[in-house]
Amino acid sequence: MNKNGLFTRIRRWLRKPSVRWGAGTLLIAGFAVGAVAWAGFESFVDATSDNSMCVSCHEMRNYVFAEYQQSPHYVSRSGLRPACKDCHVPRSFFPKMAAKIRATAIEIPAHLRGTIDTQEKFEAKREQLANRVWDRMRSNDSAACRNCHDVTAMSAEEQQLRAVREHEAGFARGETCIDCHQGIAHQLPASMLEEEADDVDFSF
Amino acid sequence: MNRPDASHQLRNMSNLAFRKLLAWILLASPAVSVAAEQEVILFQPGQSSWEWLLVPSSHDGGKRMREGKNCLYCHDGEEKTIGNLIASGEKLEPAPIDGMPGFVQMKLDASYDENMLHLTLKWQSPEMSQPAGDESESTHLTVMLGTPALSVAPIAGCWAACHSDLPGMPDAQPGSTLTKYLPGSRTKMTRTGGGSDIRAEAELTSQMNEGQFLEYWQVVLDGGELITATDGYFLEARAVNEDTAITAEVKSNGSDHAVEITRPLNPSGPQRLALKEGEEYTLAIALHENHASGRHHLTSFPLRFVLGSGDAEIVASPAQ
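Each protein sequence line maps, in turn, to chains P and E. All letters in the first sequence, in the order written, are residues 1 to 204 by this note's numbering. All letters in the second sequence, in the order written, are residues 1 to 320 by this note's numbering.
Heads up, some of the hints might be wrong.
What the hints assert, rightly or not - Covered stretches of chain E, as calculated for chain P (at least 3 residues, CB under 8 Å):
1) 72-78
2) 201-210
3) 274-285
Stated by the list, open to error - Okay, the calculated beta carbon distance ranges per label pair:
4) E:94 / P:168: 32 to 38 Å
5) P:172 / E:80: 45 to 51 Å
6) P:41 / E:58: 24 to 30 Å
7) E:167 / P:192: 52 to 58 Å
8) P:77 / E:94: 24 to 30 Å
9) E:137 / P:168: 44 to 50 Å
10) E:167 / P:121: 51 to 57 Å
11) E:200 / P:117: 51 to 57 Å
12) P:80 / E:57: 24 to 30 Å
13) E:57 / P:172: 56 to 62 Å
It should be emphasised that the hints constitute simulated quantities derived from the structure, not laboratory data. For every residue, glycine included, the Cβ atom is placed at its ideal position computed from N, Cα and C.
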């Protein structure tokens with residue numbers, strides 16, 4: 001059997017009218033199978049985006065998840081608690097698939113290689129990893145933040161003065177949420193904490 | 001219902017006309033200027049030092065200070081909240097004084113004539129069940145003045161002279177006798193302050209001649225009675241001038257005080273700052289009450305201060 005023979009037989013099978021099933025039956029069955037397959041796929045994607053999936057790796061559980069549990073995104077006055085996926089997995093289909101492929105192609109091999117399997121290794125790469133996330137958020141105008149935080153719904157009367165002024169100034173400069181709100185769910189890289197680098201200028 | 005008679009209506013109309021005329025005269029005449037009382041909130045600063053302000057993990061606003069923004073840019077209206085937080089001992093105050101309020105409201109009247117500035121400060125002493133410290137006099141009222149020649153004056157006000165290594169502050173050495181100093185007076189400033197590494201005398205003299213220091217006026221009261229009125233400056237240390245340029249008049253009624261400080265617009269000596277109409281200065285106020293000393297005082301944020309008119313927090317009006 002050669003390739004052309006196989007393709008020819010498949011093409012014929014696809015074009016051959018059914019003598020046993022009605023067109024409507026086939027159409028409905030096709031939709032049903034498609035819907036089940038789609039639901040299954042979405043469930044699979046959701047399951048792999050769940051916090052429990054994220055913390056199944058000790059790199060996540062011991063470092064970044066522990067930090068997140070100390071942050072205002074875990075316990076706050078309003079009780080809003082975004083999960084890992086709310087910030088790290090896009091909601092729309094294609095960016096979400098891109099994120100899944102990236103995780104599969106980069107993060108799972110890195111886990112198997114033990115790239116950040118100790119606190120020391122993780123701290124050594126923290127800045128690089130953080131910058132990768134921040135760059136992605138800058139490129140999409142902090143879409144993950146805006147899924148929950150709507151600038152037009154912010155009340156200047158209820159915000160602190162500094163927040164009102166900083167938002168106005170930041171947006172006027174063309175900045176996006178993540179340009180200022182870094183380190184709000186996980187610790188900042190050591191190099192960004194000036195005091196640790198001991199380069200604060202106290203002389204002005 | 002009785003209708004007003006014609007003579008009554010006429011009297012009402014003449015009264016109204018008189019009031020309108022009076023209002024027109026008051027509003028139209030440039031010679032009549034009434035200084036409005038301006039309210040300032042003084043609050044407990046605790047151990048918030050110059051160094052604390054600039055370390056990012058303790059005070060995120062340090063980066064805005066470096067851009068030249070002053071305290072009010074972020075904290076305008078937060079004085080009471082900050083003061084109460086510190087007074088509770090929750091933040092920046094390891095030894096809160098029982099009964100000491102987080103803040104005090106003060107009213108200011110500022111005016112000037114050809115030669116003199118008149119500053120009247122009114123407030124009510126907080127009632128406390130026990131002394132807040134061991135100062136012999138009950139009240140020290142201090143007003144600080146700076147010019148833009150000292151770049152940190154409009155940004156940080158009193159905090160430019162408050163450092164982590166001063167007595168009562170977190171990095172004080174045992175037995176330290178350091179007094180308030182400016183960062184520019186030290187050869188090197190670190191997160192624990194500038195210590196005793198003072199710049200050469202010639203450099204300090206140059207800084208003084210260029211107005212890079214903070215002047216202060218201090219009125220000491222005890223039980224509402226005026227004890228002393230002195231002036232001085234902060235540069236490499238807190239210095240008291242031998243001959244005071246200020247006078248003070250005190251009116252007290254129980255715990256209510258009104259202190260009028262009078263000072264020449266152009267006093268003598270390089271250690272005093274000249275005041276000119278239209279120029280912007282920095283004014284800040286500190287109040288030690290109920291025998292308190294050291295950091296256990298109430299302070300204002302740095303306030304913009306002008307003679308004449310402007311949108312500054314404190315505007316001195318020309319006297320009538």
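Consistency of the hints with the structure:
With 6 residues having a Cβ less than 8 Å from any Cβ of chain P, the region 72-78 of chain E passes the three-residue criterion, so the hint holds. Under a criterion of three residues with beta carbons nearer than 8 Å to beta carbons of chain P, the stated coverage of the region 201-210 of chain E fails, only 0 such residues being counted. Note: the region 274-285 of chain E has 0 residues with beta-carbon separation from chain P under 8 Å; the three-residue rule is not met and the coverage is violated. With their beta carbons about 37 Å apart, residue 94 of chain E and residue 168 of chain P fall inside the hinted range of 32 to 38 Å.
Between residue 172 of chain P and residue 80 of chain E the beta carbons are some 30 Å apart, a value that contradicts the proposed interval 45 to 51 Å. At roughly 49 Å, the beta-carbon separation of residue 41 of chain P and residue 58 of chain E lies outside the given 24 to 30 Å, and the hint is violated. For the pair residue 167 of chain E and residue 192 of chain P, the beta carbons lie near 34 Å from each other, so the given range of 52 to 58 Å is not met. Judged by the Cβ atoms, the range 24 to 30 Å given for residue 77 of chain P and residue 94 of chain E holds: they are separated by roughly 27 Å.
A C-beta distance of roughly 47 Å is found between residue 137 of chain E and residue 168 of chain P, which places it inside the suggested range of 44 to 50 Å. At about 45 Å, the CB distance of residue 167 of chain E to residue 121 of chain P disagrees with the hint of 51 to 57 Å. Between residue 200 of chain E and residue 117 of chain P the beta carbons are some 56 Å apart, a value that agrees with the proposed interval 51 to 57 Å. The hint said 24 to 30 Å for the Cβ distance between residue 80 of chain P and residue 57 of chain E, and at roughly 25 Å that hint holds.
The supplied range of 56 to 62 Å is broken by residue 57 of chain E and residue 172 of chain P, whose beta-carbon atoms lie about 27 Å from each other.
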